[in-house]
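Next come the chains, spelled out residue by residue.
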Amino acid sequence: MHAFEYVAPHSVDDAVTLLQESGDAQVLSGGTDLIPQMKEGRRRPPLVVDVKHIPELNELVYDPVEGLWLGAAVPCHRIVGNGAIARAYPGLVEAISLIGGIQIQGRATVGGNLCNASPAADSIPALIAHRAVCHIAGPKGPRTVPVEDFCTAPGETVLEPGELLVKIHVPAPPPNHGGAYQRFIPRNEMDIAVVGAGAALVLDERGQVIQQARIALGAVAPRPLFVEEAGAFLAGKPVSEEVLEEAARLAREAARPITDMRGTAAQRKHLSHVLTRRVLIQAVQRARGEEAGRRNGHV
Amino acid sequence: MRAVGSSIPRVDAVDKVTGLAPYPGDIDLPGQAWMKIVFAGVPHARITRLDVSRAQAAPGVIAVFTAADVPVNEYGLIMPDQPVLCGPGSTPQAQIVRWEGDHVALVVAETQAQAEAAAKLVAMEYEELPVVTDPFQALEPDAPLLHPEEFPFPYGQRDRRSNLLLAYRLRRGDVEAAFAQADVIVEAEYRTQAAEHAYLQPEAGLAYVREDGRIEVIVAGQWMHEDRAQIAHALGLPEEQIVVRYPAIGGAFGGREDMSVQIVLALAAWKTGRPVKTVWSREESIIGHHKRHPFVIKAKWGATREGKIVAAQMDVTSDAGAYAYTSTKVLGNATLMCLGPYEIPNVHVDARTVYTNNCPSGAFRGFGAPQGHFAAEGQVNKLAAALGMDPVEIRRRNALREGSILATGSVVPAGCTALDVLEEAARRAAESPPEPPVTLRTSLDASRRRVAQGRGLALSFKNVGFSLGFPEHCHAWVEIHGEAEMERAVVGCVGADVGQGAHTVFAQFAADALGLPVEKVELRVEDTDVTGSSGSSSASRMTFMAGNAILGAAQRALQAWEDEERPARAEFVFHPRPTTPYDPQTGASDPNITYGYCAQVADVEVDLETGHVLVKRLISVNDVGKAVNPQQVEGQIEGAVAQSVGWTLLENFVQENGRAVTQRLSTYLIPGVADVVEEIVPVILELPDPQGPLGARGMAEMPFIPTAPAIAAALHDAIGVWFDELPITPERVWQALRERQP
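Just so you know, the sequences run in chain order G and F.
For the first sequence, this note's numbering assigns the number 1 to the initial residue and increments by one for each residue that follows.
For the second sequence, this note's numbering assigns the number 1 to the initial residue and increments by one for each residue that follows.
Treat the hints with care, as some may be off.
Claimed, not checked - Here are the simulated SDA-like cross-link-like pairs (lysine to any residue), alpha carbons at most 25 Å apart as the crow flies:
id	chain 1	residue 1	chain 2	residue 2
1	G	K39	F	R488
2	G	K269	F	K520
3	G	K269	F	F39
4	F	K520	F	R488
5	G	K39	F	F39
6	G	K269	F	V654
7	G	K269	F	A736
8	G	K39	F	R664
9	G	K39	F	K520
Hints listed in this document are in silico derivations from the structure and should not be mistaken for laboratory results.
Note that the structure is predicted; figures quoted are calculated from it, not measured.
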């Protein structure tokens, strides 16, 4: 690895100042993406700003009214290990639980997963489905960006020079809310998604009519893909196999995958359909409180 | 309690779990320098100029070595067709790069970082040569030639105007006449892929000049004395000038049978006078060592209505890659193994291995038997389906038994237990019918509603020890200490413990023969000075060979003890019964010393929407003759099955135009713990091999072999599709399901 400067500021302001002054500094959170990239010489930042000592970035607070505040430097294991959060957002937590393996979970952060901006990132479709919003600090002051607008291209985000992702806010789940995330990989663990699908929806009191729904896909476009039309189609419709199937078909239509080593475009289109249907079924079951078996995606 | 037959803890267990056991990469020597090997990075080219001046001038650089610095610039386990370093200033053949992983320069520097930085400054000028990567195209008359030059070829005359490395044939009876009388004939083309060993420890090692003036190479390999011979040959030194030492070895599976860093470390240490160390990255390991052979096998088999197999015609082609490595030996095995463990009266096999610009192919657990059996067992299962016959019954009617004549015309060695493993597998399978699909396994399962289940069976055999006339032997000595009573014993035998537990087995045999507790047996296993060659830790041979050698030495030492020698010391060289090479026209031979037998039953579940395959249960019945350490035997069975499930369902070493595409473990997918079969049922049979030490047979490759055809048969049972190409990925299953739909 090359020689570089390392600073660990204790406040958001200090971090922003450092990032602004350096220009090509890299933010270090869990480091599970950045450190391998630096070891292989793919990134050679002159300055590494370690944000793990900044209190706001370590906040993990869930309130049934306010929702979830998820600091950008909170490692996955803290989220996955939090029973209240897992009960409130099973679809989000199962996405987070699929990132890397057990050891990686101890370091990797959702904030890092977002800022790395991989089209196949597991947490992002689930965050989009759950209406999450990014809270950003920067030289021009704070701003907020919906997660679906945060990534702009593979490895690229809306962050301007000097800007820092501080935390992510996920609204409180309304009554009769259900969410799910699934990904397809050829093996059963520790792999990059061939396709990932996240869904969250709200049913009426009787659990029969879909009031609102959001669906997002991973690994089928240059950035995580918010399939707004599929969710909009479901809004106001009674739950049935046919409407879930139609939403899944819309997700398949929206997917614009490429062929690469992990899968062909045709397979990814097909999996977009299958996974969307499956996460919708699971989300409905959860909204009705009738899900059997496990909650998250781990064995 | 006798030492042989008990699951004593491994002699290396504590050191390995506590991290004390030194692997080559863990070892440092005072004053050591670091070496970086520069790979060619092009698959076929003539190097016109190699400019190392900038690298030589870089900070910390001690020396840069090129082809001109290698005394005898050739090496190879079977034939010396590979330059140690490619480039000008050496032999004509060394000017040509034939593989992207060819070595072109060695940069030795004070630190690892300096060696790596300077290696990037080596400038190679070259003329590109046409690349051939398909073995069938490589056999075309106008194909680019990889090896037009002369080198010592151990199989008679080689046509230097062809990329054909070697061809074998087997002829028995009259297949045409037999096909004319067969009631059913099945034909298929089987394809298997290149595969990476993915052992835990990438290549690493050190070399230094000892105080006695000899060069010591500390490395992880499979056969110390062969490493020593190849190092000595390339350096133009007598073998006595070289010492090869194996510390702990992090897996091998055949992948360390050929040279990687051995020769170049010795060269660098010798030329610089400094201890020199090198450690490959995972990517260098994946690019830089050989792979399992891809095979294409065209098969046509016929049987009578009664299920008697009457004819087998096989056309077998393997991609040898750029250099011979063990391709001719793997071909020798595949030529016989593609017929499975069956007595077939009419046989016609044409087999060949062909040079291409791909990564060299070589030894990998099973050594041609997995590829051969994928075809043979696929054919038997298809015949059973065509006849409407139970897959066990058709095998019962054709399997080798005592006195059976092989296609080579020789009698199968005594102790043939193909039917025993078959019947036990059938019995175990009948006892445990497939379970309904209730287990949740992946993130997909919770909402997975459309699944199909199936069960499949396969039977296999595999030679123990080197084949076809190879002069097999193994050295050992035993030294008994004490006065009136035996106090302890020392055993010298340098067979490599590549992680399979060989050293524990050595101690168990010695303790058993001498009547001592295992703790009283001290092992001398460390280097080539201890004793003569033990042969390779491959071909499932080490327990068989070293066991016989140690028992022989122990008996003689006991005699010396009786004769009041103190310490009582004796040596023994075990020579198994000789084998003979294939007759070039007919394949007539006595090909192998003996065989091990394995039958497996696989239960699979297929996700009908995604094509994802889950192996729920795998029953593996292995006749091991005598389980020297039953726990280790079970470990070998479970490890082999896990590895074979990877080969069957996931792993694929992809190359494009002679360049590795899957260079990392993030793109070359090996099974994770969640991918290993949910329930592996290891079943050990102990039907003695009359030639084995206390009856033991080799066993470590055998449970790899039937897994792929058993899973393929289970998939056919589940969804009615035959998969004849590996790996059977979800995408291929999904495509097959899509094509099956109206």
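Now the hints, each set against the structure:
1. Restraint check for K39(G) and R488(F): not satisfied, since their Cα atoms lie roughly 50 Å apart, outside the 25 Å limit.
2. Distance hint between K269(G) and K520(F) is unfulfilled; the C-alpha atoms sit about 65 Å from each other, more than 25 Å.
3. Taken as a hint, the K269(G) and F39(F) pair is broken in the structure, with Cα atoms around 39 Å apart against an allowance of 25 Å.
4. A distance of roughly 5 Å separates the Cα atoms of K520(F) and R488(F); the hinted pair therefore holds under the 25 Å criterion.
5. With a C-alpha separation of about 20 Å, the suggested pairing of K39(G) with F39(F) holds against the 25 Å cut-off.
6. Simply put, K269(G) and V654(F) have alpha-carbon atoms about 23 Å apart, close enough for the 25 Å limit, and the pair holds.
7. A C-alpha spacing of about 17 Å is found between K269(G) and A736(F), which places the hinted pair at or below 25 Å, so the restraint holds.
8. For the given pair, K39(G) sits about 15 Å from R664(F) by alpha-carbon distance, which is consistent with the 25 Å threshold.
9. For the hint linking K39(G) to K520(F), the alpha-carbon distance of about 47 Å lies beyond 25 Å, and the restraint is violated.
Hint violations for this structure: numbers 1, 2, 3, 9, all remaining hints satisfied.
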